[in-house]
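Enquirer: Residues per chain are reported as follows:
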Amino acid sequence: MMVQSSPENGSLREGIFSIPLHGPVAMTTVPEIRKVLLGAAKKRAVKEIRIDFSRVSKLDTSGVAMLVETWRGLARRGGALRLSGLSENAKRLIQLARLDQIFEIRDEAGSRIEYGS
Amino acid sequence: MGHRDLIDVCGLNSHYSGRQVLFDIRFGIPDTNITVIMGVSGCGKTTLLRHLIGLKRTRPEQIMVDGQDLGKFNEEEMRNYRRRLGVLFQSGALFNSMTVSQNIAVPLKVHTRLSDETIRIMALIKLNLLGLAEFGAFMPSQLSGGMRKRAGLARALAMDPEILFVDEPSSGLDPITAAGLDRLILELRDTLGMTIIVVTHELESAFRIADRLIVMDRGCILAAGSPDEIRASQNERVLQFLERKADTAEINTAGYLSRIMGNEITRSGR
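Here the protein sequences line up with chains A and B, keeping their order. Counting with our numbering, you get residues 1 to 117 for the letters of the first sequence. Counting with our numbering, you get residues 1001 to 1270 for the letters of the second sequence.
Quick caveat, the hints were computed from the structure, so don't treat them as lab data. It should be emphasised that the depicted structure is a prediction, and the values quoted were computed from it without experimental measurement. Take the hints with a grain of salt, since some may be wrong.
Said to hold, decoys possible - Derived DMTMM-like pairs: lysine to aspartate or glutamate, alpha-carbon spacing no greater than 20 Å straight-line:
#1 A:Lys91 with B:Glu1162
#2 A:Lys58 with B:Glu1162
#3 B:Lys1109 with A:Asp60
#4 B:Lys1109 with A:Glu14
#5 A:Lys35 with B:Glu1076
#6 B:Lys1109 with B:Glu1061
#7 A:Lys42 with B:Asp1190
#8 A:Lys91 with B:Asp1190
#9 A:Lys42 with A:Asp60
#10 B:Lys1056 with B:Glu1077
#11 A:Lys58 with B:Glu1076
#12 A:Lys43 with B:Glu1162
#13 B:Lys1109 with A:Glu32
#14 A:Lys35 with B:Glu1117
Only chain A is shown next, with the shape it has when bound in the complex (with noise of 0.2 Å):
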């Protein structure tokens, strides 16, 4: 069984915080990945969070509510949002919320993915 994301897994540095998150982030396990998440989105000295996803297998629009959520956490100091190693059925989700507008979504190199508008 995949081991929850928690607080443990977060790293800050030079205001950078990294998370990978694993198994299901879903209406089950949002609850506790959020507190994680909008926890780092209110420090000070954050001014980046960077989600891997390449260990996450299943995304729901919860998960995608609480990126909003830390999104906008981090936009009002002026931060941002970065997500890499999403599945495409996870991309996709993220699309027909038409919120790849606003997340940085990364590839596996780490270049930019941009979408048609």
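Since the structure of chain A is provided, determine the placement of chain B on it from the hints.
Expert: Same frame as chain A, but now just chain B:
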């Protein structure tokens, strides 16, 4: 192609008040596909839907879900199964005393530990998906028929269901709105990988969205297959349905006259 059957209906019989309405129904529902169940009014498709969503009791060994016997589910197993489902009823089935957003939030508040803000954003995402982002604060009575249907679908999608059941999506809708709803159903399959079961008698809509079609008649399955296979069917009843030919009324004159005359069979009754 390559899809496993998520639900296997394996010899379903059903009765209402002692009268049999479904006869040995057998078919599979492949995952991440759209299965359309169609047939004339009264053919048993809504009864079949009620069995599939657990609203009508099913005897053991007649419906398997992921290899588990639906007829043997205890209360908790049935609750867990229903959590995997989204259902859009023909009427939309919205709570009239709540706004559209509140309607969508209900299942999330009841079944999850998500915060109010997460739920609010999720409702907005679903409303946007259905083209109703501006109407979250509206009451159902303030919406048109097509919008109510879409709001009902937004609520059916609230829990990100793995399996979506849709009862007569096009009924009461104009052709443009109906086509829009069909396109959305296709998008849900493609984007979210949902397994979708649609019950309808609208031919155009059925052929537009179906990966697999089940044609029912008088409580039995007449034909099952891809849209092309159904179009090529030589079954008379299937052809009659596809060509929209009216039934030649089979009138039991003797029975009718017997009833009208007070159970006295007339000599001329045939």
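Enquirer: Does each hint fit the structure? Answer for all of them.
Expert: Verification of the supplied hints:
1. Between Lys91 of chain A and Glu1162 of chain B the alpha-carbon distance is near 18 Å, which keeps this suggested pair within the 20 Å criterion.
2. Between Lys58 of chain A and Glu1162 of chain B the CA atoms are separated by roughly 12 Å; this keeps the pair inside 20 Å, and the hint holds.
3. With a CA separation close to 16 Å, the supplied pair Lys1109 of chain B and Asp60 of chain A stays within the 20 Å bound.
4. In summary, the hint linking Lys1109 of chain B to Glu14 of chain A is not supported, as the alpha carbons are separated by about 39 Å, beyond the 20 Å threshold.
5. Taken as a hint, the Lys35 of chain A and Glu1076 of chain B pair is broken in the structure, with Cα atoms around 29 Å apart against an allowance of 20 Å.
6. Restraint check for Lys1109 of chain B and Glu1061 of chain B: not satisfied, since their Cα atoms lie roughly 34 Å apart, outside the 20 Å limit.
7. A hinted pair counts as satisfied when its Cα atoms are at most 20 Å apart, and Lys42 of chain A with Asp1190 of chain B does not qualify at roughly 36 Å.
8. For the suggested pair Lys91 of chain A and Asp1190 of chain B, the alpha carbons sit about 13 Å apart, so the restraint of at most 20 Å is met.
9. Between the alpha carbons of Lys42 of chain A and Asp60 of chain A the distance comes to roughly 24 Å, so the proposed pair goes past 20 Å and is violated.
10. Restraint check for Lys1056 of chain B and Glu1077 of chain B: the C-alpha separation of about 15 Å stays at or below 20 Å, so the hint holds.
11. For the hint linking Lys58 of chain A to Glu1076 of chain B, the alpha-carbon distance of about 24 Å lies beyond 20 Å, and the restraint is violated.
12. Restraint check: the Cα-Cα separation between Lys43 of chain A and Glu1162 of chain B comes to about 37 Å, which exceeds 20 Å; the hinted pair is violated.
13. Annotation: proposed proximity of Lys1109 of chain B to Glu32 of chain A holds, straight-line Cα distance about 17 Å (limit 20 Å).
14. About 13 Å separates the Cα atoms of Lys35 of chain A and Glu1117 of chain B, which keeps this hinted pair within 20 Å; it holds.
Going through the hint list in order, the structure does not satisfy hints 4, 5, 6, 7, 9, 11, 12.
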